[in-house]
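Trainee: The task is simple: from the sequences and hints, build the whole structure.
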Amino acid sequence: MRRSVKALMLALVAVPMLAIAAVADADHSALEIRFQNHRFAPQTLNVPAGQALVIKVVNASNETIEFESFKLNREVAMTPGETITVRLPALDPGSYDFYDDFHQDVPEGSIVAK
Amino acid sequence: MRPKGFLAAGLLIVGAALSAAQLITAPVSNPPVTGDISAPPQIESTLRRSCYDCHSNETQWPWYSKVAPLSWMAAHDVALGRKEVNFSEWRSYYPATRRRKLQWIGRAVHEEAMPQWWYRLMHRDAKLTPADRLALERWVESQLSGPENRPSNN
Numbered sequence: 001m002r003r004s005v006k007a008l009m010l011a012l013v014a015v016p017m018l019a020i021a022a023v024a025d026a027d028h029s030a031l032e033i034r035f036q037n038h039r040f041a042p043q044t045l046n047v048p049a050g051q052a053l054v055i056k057v058v059n060a061s062n063e064t065i066e067f068e069s070f071k072l073n074r075e076v077a078m079t080p081g082e083t084i085t086v087r088l089p090a091l092d093p094g095s096y097d098f099y100d101d102f103h104q105d106v107p108e109g110s111i112v113a114k
Numbered sequence: 001m002r003p004k005g006f007l008a009a010g011l012l013i014v015g016a017a018l019s020a021a022q023l024i025t026a027p028v029s030n031p032p033v034t035g036d037i038s039a040p041p042q043i044e045s046t047l048r049r050s051c052y053d054c055h056s057n058e059t060q061w062p063w064y065s066k067v068a069p070l071s072w073m074a075a076h077d078v079a080l081g082r083k084e085v086n087f088s089e090w091r092s093y094y095p096a097t098r099r100r101k102l103q104w105i106g107r108a109v110h111e112e113a114m115p116q117w118w119y120r121l122m123h124r125d126a127k128l129t130p131a132d133r134l135a136l137e138r139w140v141e142s143q144l145s146g147p148e149n150r151p152s153n154n
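Protein chains in written order, with our numbering: chain A, 1 to 114; chain B, 1 to 154.
Some hints here could point you the wrong way.
[Claimed, not checked] Simulated pairs of lysine-lysine, BS3-like, Cα-Cα distance not exceeding 30 Å: (1) B:K127 to B:K66; (2) A:K71 to B:K66; (3) B:K83 to B:K127; (4) A:K71 to B:K83; (5) A:K71 to A:K114; (6) A:K56 to B:K83.
[Unchecked claim] Distance windows between CB atoms, simulated: (7) A:G50 to B:I24: 43 to 53 Å; (8) B:K127 to A:N62: 37 to 47 Å; (9) A:G50 to B:K127: 33 to 43 Å; (10) B:E112 to A:A30: 31 to 41 Å; (11) B:E141 to A:A52: 30 to 40 Å; (12) A:D97 to B:V67: 38 to 48 Å; (13) B:G5 to A:R34: 50 to 60 Å.
[As the list claims (entries may be wrong)] Reference listing, derived: stretches of chain B covered by chain A, where coverage requires no fewer than 3 residues with Cβ under 8 Å from a Cβ of chain A: (14) 8-20; (15) 78-88.
Bear in mind the hints are in silico, worked out from the structure with no lab data behind them.
Beta carbons are placed, not taken as given, at the ideal position from N, Cα and C, and that holds for glycine.
Mentor: Structure (structure tokens):
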């Protein structure tokens, strides 16, 4: 009996924690922008409108870049190999361009909120 | 060791470290001006007074830019500033790049984010007056609505 109570209590604690961890992990892994070969991929990132977002930006190149977006009011210099987390508030539907401010020949990308 | 002995040893170590730091020089140079921005005299004067030290190739390097470790910080700030926007290379920017930089300039001026407070501490004359800000904001707006910097002109 005692064992089953212990197991039940453990489950009551562990299951919500695992669920929270899974949701948090899903948030972090689902949205990613990668800078490689002098361009961002994906170039268009579709995201849901009306909900806060967490986007991981990875600089997988050998260049220092600046991930920048005027519309999103973000500018972050990134050294080679650096990963940053960009937290955004709920976006209105629309397109929000982003670019590498240190290299003007890098094609700009956009985050499209639908 | 007595307290005075500790103090003397500490000062000696700091002095030695500062002396050694002078051997590591910072890149405090001014590359050639390749495409200076063209602006009305009042705007150009304001830009030169408040922005050019970090955002151009015509930096007036202050005395502390020759003394480590302040020289490292000054060199770092200027290198970053030139990467963000360099008025000495303005004409080499793509129209889309110019537009973005104008937008950021307008925002930085409006939000009083520039010049940065620590720079203003050492350069009192760099402070932008409300009239300077208004003039700069109006100039940015006029530039953004001009044919050269419209969004379609990429």
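Trainee: Are the hints correct? Go through all of them and say.
Mentor: Hint check results:
Taking the CA atoms of K127 (chain B) and K66 (chain B), the gap is near 24 Å; set against the 30 Å cutoff, the hint holds. Proximity of K71 (chain A) to K66 (chain B) is assessed by CA-CA distance (about 39 Å); at most 30 Å being required, the pair is judged violated. For the hint linking K83 (chain B) to K127 (chain B), the alpha-carbon distance of about 22 Å falls within 30 Å, and the restraint holds. Between K71 (chain A) and K83 (chain B), the direct Cα distance comes to roughly 20 Å. Compliance with the 30 Å bound is thereby established for this hinted pair.
The straight-line distance between the Cα atoms of K71 (chain A) and K114 (chain A) is roughly 16 Å, inside the 30 Å bound, and the hint therefore holds. Taking the CA atoms of K56 (chain A) and K83 (chain B), the gap is near 24 Å; set against the 30 Å cutoff, the hint holds. Look at G50 (chain A) against I24 (chain B): about 52 Å separates their beta carbons, and that is inside 43 to 53 Å. At about 40 Å, the beta-carbon gap between K127 (chain B) and N62 (chain A) stays in the expected band of 37 to 47 Å.
Taking the beta carbon of each, G50 (chain A) and K127 (chain B) are about 42 Å apart, inside 33 to 43 Å as hinted. A C-beta distance of roughly 37 Å is found between E112 (chain B) and A30 (chain A), which places it inside the suggested range of 31 to 41 Å. Between E141 (chain B) and A52 (chain A) the C-beta distance comes to about 32 Å, which sits within the given range of 30 to 40 Å. The supplied range of 38 to 48 Å is met by D97 (chain A) and V67 (chain B), whose beta-carbon atoms lie about 42 Å from each other.
The hinted window of 50 to 60 Å between G5 (chain B) and R34 (chain A) holds, with their beta carbons roughly 57 Å apart. Remark: the region 8-20 of chain B is not confirmed as covered by chain A, as 0 of its residues place a Cβ nearer than 8 Å to a Cβ of that chain, below the required three. Remark: the region 78-88 of chain B is confirmed as covered by chain A, as 3 of its residues place a Cβ nearer than 8 Å to a Cβ of that chain, reaching the required three.
Checked against the numbered hints listed earlier, the structure breaks hints 2, 14; every other hint is satisfied.
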